[in-house]
Amino acid sequence: MLLADFGTSYCKLLETDSTEPPRLIATRSIDRSLKVDIATGHNGKRYTSHYVNELTALARGGLSLIKEESFTLLDCGSRDIKYVAYSGGKIKDMGWNAECGASMGFTIELLEKYYTLDFSSMDIPESSFSITCGVLGMSHIFDAVVTGVSEAEAVAKFVKGIAINAYNFAKRPEKVYLSGGLCDNPLFVGSFPCPVVSLGRFVLLEGLQASLNQNK
Amino acid sequence: MASSTIQRAGIVGIPPLSIMELLATPEFKIFDLDEPQGKIDIETASPFLPRVYCGILRTVIANSLAIRPDIIYIDTGSGKCDCAVHTATVLEDMLPDTRIVRTKNQDSIDFGTPLCKTRMNLLEKMAAITATVQNTAPYQELTSCKPTAGFWGVPPRDFSILNLFPDTTHIYGWARCMENKTPDNLDLELHYNPDIPTVFFAQSFCAKTALARHLAGKHPHGLYLDCDVTAGNSAKAKIQAFLELSNI
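Line order of the protein sequences matches chains A and B.
Numbers 1 to 216, taken from the working numbering, label the letters of the first sequence in order.
Numbers 1 to 248, taken from the working numbering, label the letters of the second sequence in order.
A couple of the hints might just be wrong.
Claimed, not checked - Once the Cα atoms are required to be at most 27 Å apart in a straight line, the calculated DSS-like pairs of lysine-lysine come out as:
{"id": "1", "chain 1": "A", "residue 1": "Lys67", "chain 2": "A", "residue 2": "Lys216"}
{"id": "2", "chain 1": "B", "residue 1": "Lys29", "chain 2": "B", "residue 2": "Lys39"}
{"id": "3", "chain 1": "B", "residue 1": "Lys218", "chain 2": "A", "residue 2": "Lys67"}
{"id": "4", "chain 1": "A", "residue 1": "Lys216", "chain 2": "A", "residue 2": "Lys35"}
{"id": "5", "chain 1": "B", "residue 1": "Lys146", "chain 2": "B", "residue 2": "Lys218"}
{"id": "6", "chain 1": "A", "residue 1": "Lys45", "chain 2": "B", "residue 2": "Lys236"}
{"id": "7", "chain 1": "A", "residue 1": "Lys35", "chain 2": "A", "residue 2": "Lys90"}
{"id": "8", "chain 1": "A", "residue 1": "Lys171", "chain 2": "B", "residue 2": "Lys218"}
{"id": "9", "chain 1": "A", "residue 1": "Lys67", "chain 2": "A", "residue 2": "Lys90"}
{"id": "10", "chain 1": "B", "residue 1": "Lys146", "chain 2": "B", "residue 2": "Lys236"}
{"id": "11", "chain 1": "A", "residue 1": "Lys90", "chain 2": "B", "residue 2": "Lys208"}
{"id": "12", "chain 1": "B", "residue 1": "Lys236", "chain 2": "A", "residue 2": "Lys90"}
{"id": "13", "chain 1": "B", "residue 1": "Lys146", "chain 2": "B", "residue 2": "Lys104"}
{"id": "14", "chain 1": "B", "residue 1": "Lys104", "chain 2": "B", "residue 2": "Lys208"}
{"id": "15", "chain 1": "B", "residue 1": "Lys29", "chain 2": "B", "residue 2": "Lys104"}
{"id": "16", "chain 1": "B", "residue 1": "Lys236", "chain 2": "B", "residue 2": "Lys39"}
{"id": "17", "chain 1": "A", "residue 1": "Lys171", "chain 2": "A", "residue 2": "Lys67"}
{"id": "18", "chain 1": "A", "residue 1": "Lys216", "chain 2": "A", "residue 2": "Lys90"}
{"id": "19", "chain 1": "A", "residue 1": "Lys171", "chain 2": "B", "residue 2": "Lys146"}
{"id": "20", "chain 1": "A", "residue 1": "Lys45", "chain 2": "A", "residue 2": "Lys35"}
{"id": "21", "chain 1": "B", "residue 1": "Lys104", "chain 2": "A", "residue 2": "Lys171"}
{"id": "22", "chain 1": "A", "residue 1": "Lys216", "chain 2": "A", "residue 2": "Lys45"}
{"id": "23", "chain 1": "B", "residue 1": "Lys208", "chain 2": "A", "residue 2": "Lys35"}
{"id": "24", "chain 1": "A", "residue 1": "Lys171", "chain 2": "A", "residue 2": "Lys90"}
{"id": "25", "chain 1": "A", "residue 1": "Lys175", "chain 2": "B", "residue 2": "Lys29"}
{"id": "26", "chain 1": "A", "residue 1": "Lys90", "chain 2": "B", "residue 2": "Lys104"}
{"id": "27", "chain 1": "B", "residue 1": "Lys218", "chain 2": "A", "residue 2": "Lys90"}
To be verified - Simulated restraints on C-beta separations:
{"id": "28", "chain 1": "A", "residue 1": "Ser18", "chain 2": "B", "residue 2": "Gly38", "range": "36 to 44 Å"}
{"id": "29", "chain 1": "A", "residue 1": "Glu151", "chain 2": "B", "residue 2": "Glu92", "range": "27 to 35 Å"}
{"id": "30", "chain 1": "B", "residue 1": "Pro114", "chain 2": "A", "residue 2": "Thr132", "range": "43 to 51 Å"}
{"id": "31", "chain 1": "B", "residue 1": "Thr143", "chain 2": "A", "residue 2": "Ile30", "range": "46 to 54 Å"}
{"id": "32", "chain 1": "A", "residue 1": "Ser64", "chain 2": "B", "residue 2": "Ser160", "range": "28 to 36 Å"}
Claimed, not checked - Not close to chain A: a few residues of chain B, all C-beta gaps over 10 Å, as computed:
{"id": "33", "residue": "Ile6"}
{"id": "34", "residue": "Thr143"}
{"id": "35", "residue": "Asp184"}
I should point out that these hints are in silico values taken from the structure, not numbers from a laboratory.
The beta carbon of each residue, even a glycine, is placed where N, CA and C say it ideally should be.
Given only the sequences and the hints, what does the whole structure look like? Please build it.
Right under this line is the structure:
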């Protein structure tokens, strides 16, 4: 069966009958006539007749991958952030910020390319910008550069501001399990004010697999 | 002509029973101004109330502008909210030809809550509850169902979120006070069932958001949710996921 998480910037596809790892395809390159057996992601409904809500997929993915009864799992995507919190094995809280906390992942990727930075080699700054939105937050970078701060330092403060905003959005947990493409960004992961366990960008695919198993 | 003598009476919140008995005569046509009355653009309220304000009271202003009632009974007691106090002042200046009557509903006779506990499509159930405001007769008995989910809060501005719940959802919070005709009954408003997954809902920018979030935190299986004028995809996804993940 073909499982897919159709994200804003990247689509993740998994063929369950194959031993190959999941494929990552830029959303702009995806074949619009593609049909999959089960899908999630904000773009997913057009590609399948079996659609799973993103929060449900995230939660089920977390339940498959995390061996604790109480946890907070935060997914930082290109366009939005969302989290689920379990307490004693029961769903306790969740949130999905698609508007005013939006475009964080997309903006971070854009800035890395625009300023030709390498996030894997950048130091985590001591302070951060106060940021609630990727787009609005960019003005902080421009303002800081004008006052003599290096582009790299300004972007690092921006990234840390985004991490802190995401942490606050998830209600400041003691530990964060992180999902999404930003797991691969050490500057972002290291900017959280709490321990972070990175689960990678295929957590929602794991949730789709769990949904399939539930329906069997 | 008899029709020319019919007065258009707007109501905001739940006026006292004595007022509703007065209005339940052929001389009055009642408009529940809290609810959308046809295709009235809520943005027409923006010159009179801030955009960042309770969606229900913005609806009141938009409805009042479109309907221009002869008289408006607006409850400004603690069974409604402080925002209604200020909205009454705005209405007075906005509609000089409309008589604005402030009420403070402290009715304490329990009419019962059969609708809140019966098995029915939740959207239809909430619509039936809001319609009880205009009904002054004692309620019919209805069979209670075993609840599988709970909805705590006020009737939402956007009823479409109610379609996501099962028919066996019980209603709690101010909507239950509404059916009971005791809008200023905090004990009843605070009541919830800790044994069923419950969504604690409030309109964005409403003071009840504090209570909804507080109770959701106390409830062993509660989810806090607030929405403004219309519920977006993320709000609907939260409800859907919460119910799915609670095995409902």
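Beta-carbon spacing of A/Ser18 to B/Gly38 - inside the hinted bounds 36 to 44 Å or not: 55 Å, violated
Holds or violated: A/Lys216 and A/Lys35, Cα atoms, limit 27 Å. It holds: about 21 Å lies between the C-alpha atoms, which stays within 27 Å.
Is A/Lys171 close enough to A/Lys90, meaning Cα to Cα at most 27 Å? 17 Å, holds
Against the 27 Å threshold, does the CA-CA distance of A/Lys35 and A/Lys90 hold or violate the hint? 33 Å, violated
With a cut-off of 27 Å on the C-alpha distance, tell me whether B/Lys236 and A/Lys90 pass. Judged against 27 Å, a Cα distance of about 20 Å means the pair holds.
Is the nearest Cβ of chain A still more than 10 Å from the Cβ of B/Ile6? 45 Å, holds
Sort out whether B/Lys104 lies within 27 Å of A/Lys90, counting only the CA atoms. Violated, at about 42 Å.
So if I understand the rule, the pair passes when the alpha-carbon distance is 27 Å or less; does A/Lys216 with A/Lys45 pass? 22 Å, holds
Would you check the hint for A/Lys171 and B/Lys146, treating anything up to 27 Å between C-alpha atoms as holding? 33 Å, violated
Straight-line Cα separation of B/Lys104 and A/Lys171 no greater than 27 Å? Since the Cα atoms of B/Lys104 and A/Lys171 sit roughly 38 Å apart, the hinted pair is violated (cutoff 27 Å).
Going straight from one Cα to the other, do A/Lys45 and A/Lys35 come out at no more than 27 Å? Holds, because 10 Å separates the two Cα atoms, which is no more than 27 Å.
27 Å Cα cutoff - pair A/Lys175, B/Lys29: 58 Å, violated
Consistency note: the structure conflicts with the earlier hints numbered 7, 13, 19, 21, 23, 25, 26, 28 and 29.
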